[in-house]
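Sequence lines, in order, name chains A and B. Those letters in the first sequence? Residues 35 to 244, by our numbering. Those letters in the second sequence? Residues 5 to 746, by our numbering.
Please note that the accuracy of each hint is not assured.
[Claimed, not checked] Just a few of them, taken from the derived set where beta-carbon distance is under 8 Å, the chain A residues facing chain B:
#1 Ser52
#2 Val53
#3 Arg55
#4 Ala56
#5 Val57
#6 Arg59
#7 Leu60
#8 Ser63
#9 Val64
#10 Lys142
#11 Pro143
#12 Val144
#13 Asn146
#14 Asp148
[To be verified] Some chain B residues well away from chain A (every beta-carbon gap over 10 Å; in silico):
#15 Arg166
#16 Ala189
#17 Gln193
#18 Glu203
#19 Arg320
#20 Asp327
#21 Leu416
#22 Met542
#23 Leu633
No wet-lab data here; the hints were simulated from the structure. Note that the Cβ used here is the ideal one computed from N, Cα and C, for glycine as well.
So the chains spell out like this:
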Amino acid sequence: VSAAPADGIVFVVDDDDSVRRAVARLVRSVGLDVETFPSARAFLDHSLADRPSVLVLDVRLRGASGLDLQAELSRTRPDIPIIILTGHGDVPMSVRALKGGAIDFFQKPVRNQDLLDSIHGGIIRSREALAARAARDAIHRRFGTLTAREREVLTLVVAGAVNKEVASRLGISLKTVKIHRGRAMQKMQAESVAELVRLAQRAGLLVEAS
Amino acid sequence: VLSASLALVAAVALPWVMPADAGAGRDGRTAILLLYAEARPLPAVVDLDREIRSTFQAALPGGVEFFTESLDLAWFPDEGYRSALPGFLRQKYAGRRLDLVISAGGQALRFALAHRDQLFPGVPIVFAAVDRATAAGLEVGPGVTGVWMVLDWEGTLDTALRLQPGTRRVVVIAGTSELERAWLADGRQALRKYEGRVELTYLSDRSMTDLLREVAALPGDTIVLLVAMLRDATGASFIGVEALALMHKVSPVPIYGLFDLGVGRGLVGGRVASFGEQGRRAAQLGLRVLGGDKAGDVPAVREAANVYLFDWRELRRWGLSEDHLPPGSVVQHRQPSAWELYRWWIVGGLTLTAAEAALIIALLVQRRTRKRVQRSLQETEERFRLMADSAPVMVWMSGSNARCTYFNRPWLDFTGRRLEEEVGDGWIEGVHPDDRTACLEAYGKAFDAREAFTLEYRLRRVDGAYRWVLDHGVPRFGPDRSFQGYIGSAIDVTERRVADEIARRQRDELAHALRVTAMGELAASLAHEINQPLFAIMSNAEAARRLLAAPSVDVAEVGEALRDIGEDGRRAADVIARLRAFFAKEPAERQPVDVNELATGLAGLVRREVEHRGISLTLAPTPGLPAVLGDPVQIQQVVLNLLLNACEAMEGDGPRILTIGTSKDGAGTVEISVGDTGAGLGTMDFAGVFEPFVTTKPGGLGMGLSISRSIIESHGGRIWLTPNPDRGITAHVALLIAETDA
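Whenever a hint applies, use it, and build me the whole structure from the sequences.
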């Protein structure tokens, strides 16, 4: 039994009214928020807040199929984990769903505890993903405050160049390199070159340098 | 007076001539049709006929066969008769080979040309005695030649006026037949130039009585120009020379004419045309054509010489001098002969003798012919009965009154009744009372239309059992194509019908099985339908449990959860009720199956249905195929389903050929194929149609092929469709070969 996360919302997409109502009631009974949608389209048209979320999806939907919705969502909101439900599952479909990034694949009638455990796991995963995204966004924001020269210097430093090399590569004086480097470290809120490299890694900035 | 007696001779002679003409032709003889515009006894026709025959016979001794037709148009002007003539002659001469047609008279030529293609296509035509008046508007096409006749009005009248210079009036006399009217019109044209010299009077639309009265009252300075007198205004018919004889008797003035026939029979004479000469010359042209010249290449004779011909007795009677005759004139009958003196006695005697002889010979011939015909008829009938009685079918015959006249031995053995009981309408007593009306109606309808018919009805057998018989009747026609009734044959088809009935029941059962199988295919979606409410029930139950465990219980929410649980329970129960048929399904049995046997059996099963839809069924098995492993009933269902699909695909226009084939592809499987020539799948996917609810048929469930696939795949086999190169599609079923213990 996992601990109930304090914050989180569960989206339920199922074309069966009574299933929708029952799952929503079950989710509410464990203290989570829930929103239900009768079709993939209705869900995609809904604007999603940046809060830990899980999608419980029936793959056999009328209209756009569950797998189509999964593909769409993994593009726009990769932070929302998907739990697939099916009334009549087959192996190829479950393989496809899991390959597409679903965290679980259940055949109805699924044990309630299994479903709730999966939902909790999904919420945690979602929260972590949101936190990582927030941190990455912060580093990006800091990186955005650098001047063009500071970025050049920083990029070479992260790539492992010493001040002298940087000065010769950029054709500026050693002294000027030191001033740019000090300002950049300050703006990026990095104590050391090692921390700077870690920040760059987390934000995916190292790619630019190499 | 002589003319009348000659006409009599001709009339009596007719029966002598006719049988010879109509007699059976012998191979190699030249067949000539003589087509006369007017009746044979007319002296003109007699002259023509005599000359034509003698000319041909002299040139082709023993090798000519004459057929003679008199259209008789002057005497029978009725339109109905005229329109019936071609049909009559077509019937008469159908199948006769003709080498040449000789038509005499303008009307005969007109008739021959008009109906040539119908009556004697391609046979050359030689015409005679056609003058410009009667030939007006006539197109003489290729393959036709002949002799033109000239009515020499001027030549005759000039001569008459030279003999009788004091003439002040000329009375032109003609009858009212079409031919005579045409001649008279021609004469009015030709005689216009005499209008100043003499007074011209045309006597045409009069009865013979009136005419004779007027002729008798003619003044002395008049001459009569007699054209022809075949029919008077009252419609009475005359032989031309007969009328001449009557006029000659009463006329106070000389009578001139245009034809040689009247010379010697009351005419003074004239520049006359000769029918005999016309006949002789036409026959000469005919001989050239028969000799190989194309009729179109033989030039027509334009001027068949008219001659100045006079009767010595008439000249003397009217006191006319031979000195005034034109040079080259022929004067006949200079001496009164014994013939002339005793003509009544001679003619009477000859006529009697001839008539008597004719009668005797005709009777003898008739008797012999009848005997021979009777004998051959007896033989034919004997042979027919022998054949009919030994035939393995029931044979019946009816007459032209629709009543049955004959039933063969097998029929009588079948019904156990005597011929006397069955003939007429007796046979109907043996027909099942429920079938009688339909049977008689169908027979009557076919009979009225003279059409063949096929009937199925129940007929009582000698043991009292009603048996289904298939009866096929066709109309009979005599050698003269006259309708003579029907002949029919009937066979007992009861066994076949029973077999058909069994086959149909089998098919119904198979179709039912197919429906049951459909439930199997539905299992997937039915499982989904059950799992949904079950899942909802479980979720609601868990939610309710948690809600009840909370510090403050939301009673309303728990109540709703419990209500939903109840509803979903009912929903699940409904689905289960629908599944009952599926649960009742029996397990399949696997055994070796001979696909050829299976295909042949199915072909037999569907053949009646298929043929009913106008489809031809081809069975193309490959002999010696190994057995496959499977449930024969299920495989049969699948192939039957494919056959029924193929039939439905061919409901539109276009060829309808259904092919069932078997083959071995060498990969451990044997294949059964079902090909059609239908419209194909159009834009549909060849694999997609195997999905449930996918159908090409309006109103179709789209289950057949998906069920078929589920059956075949459960056998480890394969089912697929391919388009045919020309038209339609072929469905293939491949099944695994059964492992043999050997």
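Hints, one by one, checked against the model:
| no. | hint | in the structure |
| --- | --- | --- |
| 1 | Ser52 | holds, 4 Å |
| 2 | Val53 | holds, 5 Å |
| 3 | Arg55 | holds, 6 Å |
| 4 | Ala56 | holds, 4 Å |
| 5 | Val57 | holds, 5 Å |
| 6 | Arg59 | holds, 4 Å |
| 7 | Leu60 | holds, 4 Å |
| 8 | Ser63 | holds, 4 Å |
| 9 | Val64 | holds, 7 Å |
| 10 | Lys142 | holds, 4 Å |
| 11 | Pro143 | holds, 4 Å |
| 12 | Val144 | holds, 7 Å |
| 13 | Asn146 | holds, 4 Å |
| 14 | Asp148 | violated, 11 Å |
| 15 | Arg166 | holds, 121 Å |
| 16 | Ala189 | holds, 97 Å |
| 17 | Gln193 | holds, 100 Å |
| 18 | Glu203 | holds, 115 Å |
| 19 | Arg320 | holds, 129 Å |
| 20 | Asp327 | holds, 130 Å |
| 21 | Leu416 | holds, 72 Å |
| 22 | Met542 | violated, 5 Å |
| 23 | Leu633 | holds, 27 Å |
Violated hints, listed in ascending order, are 14 and 22; each of the other numbered hints is respected by the structure.
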